[in-house]
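Visitor: For reference, the chains in residue letters:
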Amino acid sequence: MTPPGTLAAAWLIARKDLAIEFRTRSAFLSALVFSLLAIVIFRFSWDPTAVAALDLAPGVLWVTFTFSGLLGMHRSFGVEAHDGAMDALLVAPVPREAIFIGKALANLLFVLGVQAVALPAVVLFYNLPVGNGVFALIGVMLMAAIGLACIGTLFAGMVANTRMAELLLPVLALPFFVPIVLPAAQATAQILADRPLSASLAWLRILLAFDLVFVYACTLAFPFTLED
Amino acid sequence: MSPATPARPRALFDWVAPLALIAMVAAFVRAIWFTPPEMLQGYAQKIFYVHVPSAWVAFLAFGLTALAGGFWLFLKDPRLDRFAESSAEVGVIFTTGVLVSGPLWGRPIWGAWWVWDARLTSTLFLWFLFLGYLVLRGAVDDRDLRARYSAVLGILGALLIPFIHLSVYLFNTQHPTPVVANPTGIQMPGVMVKTLFLALFAFTLLYVAFVRARMRLAEERDALDAAATSER
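Each protein sequence line maps, in turn, to chains A and B.
Read left to right, the first sequence gives residues 169 to 396 (my numbering).
Read left to right, the second sequence gives residues 20 to 251 (my numbering).
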């Protein structure tokens with residue numbers, strides 16, 4: 169049997185991770201319940217007569233996505249910890265970049281899955297007027313999710329081999345989420361206010377640049393985090 | 020990995036340290052007594068001679084940490100990793116200096132301790148990155164793995180800072196534009212510029228002295244570890 173190419177191997181790894189997730193559903197359900205709880209609790213931390221729901225929603229949306237994303241990504245290398253699964257993955261005749269791309273792809277789909285439920289929940293609970301902007305909003309989410317998945321996957325792989333992994337992942341990853349969450353939240357605010365897309369163009373450019381730089385950098389960096 | 024370092028006479032005295040001390044005293048004396056106060060800001064502006072050099076050293080320390088990490092990935096020389104570790108630790112001190120001296124100036128001049136400006140925010144996140152870097156180092160026992168992880172984090176952090184700066188710049192900016200590194204030339208009287216350059220020199224020397232001291236500590240710790248391992 170010939171070994172698969174990089175992308176084919178990545179897809180196999182992503183499918184494996186998603187199959188595990190689909191059969192256990194543990195991380196997805198907890199991330200989902202966490203998101204819904206966060207959305208509801210945020211509502212009570214502001215005075216509804218002083219702050220309009222429309223001003224609140226972008227922040228709530230993005231803080232929720234960031235933290236629920238971290239919850240899921242933390243698991244992506246945790247599943248390899250038992251029975252030497254990670255070693256088996258490393259001796260497989262696939263490029264190490266493929267392992268990263270596969271893991272990141274699974275995490276991306278995970279984050280998008282949570283977003284697919286959390287976004288309608290925010291729209292519902294905060295009475296948001298999502299009409300024309302829905303496709304632009306999905307675009308922003310996709311771009312942000314790529315950055316989140318990439319950074320989260322790289323650091324999740326690193327902290328899996330450390331003490332206090334649960335604490336360390338947010339400490340390392342959150343600074344890297346600033347140039348994702350800030351533009352995404354600003355663009356979301358513009359879109360929800362029904363302003364033309366040109367108003368959020370500068371933010372979208374930053375998101376796109378971040379994705380391009382960090383998808384590349386993280387894919388290159390991942391093999392260096394593994395022992396030879 | 021080099022075998023246990025041969026018993027080298029321990030350098031107790033580092034000539035850089037007293038030089039740095041002299042330069043620091045000279046810079047402070049010049050800044051306090053021999054540089055006129057600024058016309059509009061008065062004496063509050065004097066903090067400039069602490070704030071700017073600290074910021075310079077903070078970013079220099081981070082840049083060198085990232086660079087040393089990058090070289091380590093290819094050369095695997097333990098000295099590079101010890102340098103990265105030392106530079107990061109010293110960098111935290113100087114970054115803290117920036118973050119403390121900034122608000123002290125901001126309060127009388129801006130009327131606010133803190134504003135969410137691009138430069139302030141990038142420096143704050145530089146501090147978070149440094150702290151994360153040190154926490155990560157503390158959480159990994161294996162020396163090789165620790166060097167790998169911190170090298171990767173250092174390099175990605177160096178890529179991150181411009182992105183934070185850019186996104187917060189678009190968000191809101193209030194920090195004074197640089198008066199020295201200004202594209203239209205130095206916007207400052209010569210006497211102040213000289214004091215600033217003296218302070219920059221003194222702070223850089225202080226950084227070198229601190230890093231050297233910290234590296235000696237790391238060297239001895241590693242030698243001790245090696246000795247303990249060979250004993251077993």
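Think of the hints as simulated: they come from the structure by calculation, not from any bench.
For every residue, glycine included, the Cβ atom is placed at its ideal position computed from N, Cα and C.
Please note: incorrect hints may appear among the correct ones.
Simulated coverage check for chain A against chain B, where a stretch passes if three residues somewhere in it have a Cβ under 8 Å from a Cβ of chain B [to be verified]:
1) 244-256
2) 272-280
3) 347-358
Chain B is nowhere near these chain A residues, computed Cβ spacing over 12 Å in every case [to be verified]:
4) P171
5) S198
6) A220
7) N300
8) V302
Distance windows between CB atoms, simulated [stated by the list, open to error]:
9) B:V212 with A:P288: 54 to 62 Å
10) A:G246 with B:Y62: 52 to 60 Å
11) A:P263 with B:D163: 20 to 28 Å
Visitor: Of the hints stated earlier, which fail here?
Guide: 1 and 2
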